[in-house]
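From just these sequences and the hints, can you work out the full model?
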Amino acid sequence: MQTDPPAGVSASPVADNVMIWNAVIIGPADTPFEDGTFRLVMQFEEQYPNKPPAVKFISQMFHPNVYASGELCLDILQNRWSPTYDVAAVLTSIQSLLNDPNTSSPANVEASNLYKDNRREYTKRVRESVEKSWED
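The sequence shown lines up with residues 13 to 148 when you count with my numbering.
No lab work stands behind these hints, which were simulated from the structure alone. Fair warning: there could be bad hints in the mix.
To be verified - With a straight-line Cα cutoff of 25 angstroms, these simulated SDA-like cross-link-like pairs (lysine to any residue) come out:
| hint | residue 1 | residue 2 |
| --- | --- | --- |
| 1 | K63 | K144 |
| 2 | K63 | D47 |
| 3 | K63 | K136 |
| 4 | K144 | A19 |
Claimed, not checked - Quick list of the computed label-pair ranges, beta carbon to beta carbon:
| hint | residue 1 | residue 2 | range |
| --- | --- | --- | --- |
| 5 | A27 | D129 | 42 to 50 angstroms |
| 6 | D98 | T43 | 21 to 29 angstroms |
| 7 | Q72 | R132 | 16 to 24 angstroms |
| 8 | A100 | V121 | 28 to 36 angstroms |
| 9 | N130 | Y60 | 33 to 41 angstroms |
| 10 | K144 | S117 | 34 to 42 angstroms |
| 11 | Q59 | T135 | 16 to 24 angstroms |
| 12 | P18 | K136 | 25 to 33 angstroms |
| 13 | P18 | D87 | 13 to 21 angstroms |
| 14 | P61 | S108 | 39 to 47 angstroms |
| 15 | S24 | V121 | 29 to 37 angstroms |
| 16 | K63 | K128 | 28 to 36 angstroms |
| 17 | A101 | E58 | 19 to 27 angstroms |
| 18 | V121 | R92 | 37 to 45 angstroms |
Idealized CB from N, CA, C, for every residue including glycine.
The following block contains the structure:
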């Protein structure tokens, strides 16, 4: 991950446990998430890469596919996992999800409804989470 990281994502293991990684996703340009610095934790089990890591936002996130707990509803972390996915692939998938939510199976119903019905209010709430991400 450190040798050639994709733009806008980074991750590294914590000092005393290679099974837990701290990660950062920068909000994509030209989206409501732009300039956000969103922190995540990735927890790997012994079965990795045959089993996906558990990924959770530490930063507050207002998004249709992120639970209040910070856990994500993302197909590649559940039923569409492949052992070929590495840390960079997981993080870039999450980064892509930010501006392309799946509103058909929302983790945050309020965010999903605002995304579909009141984009201005949705964008306002996202921008609030972007500003909070700078304080983390």
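Inset, instruction - Taking the numbered hints from earlier one at a time, note which ones the structure violates and give those numbers from smallest to largest. - result: Hints 1, 2, 3, 10, 11, 14, 18 not satisfied by this model.
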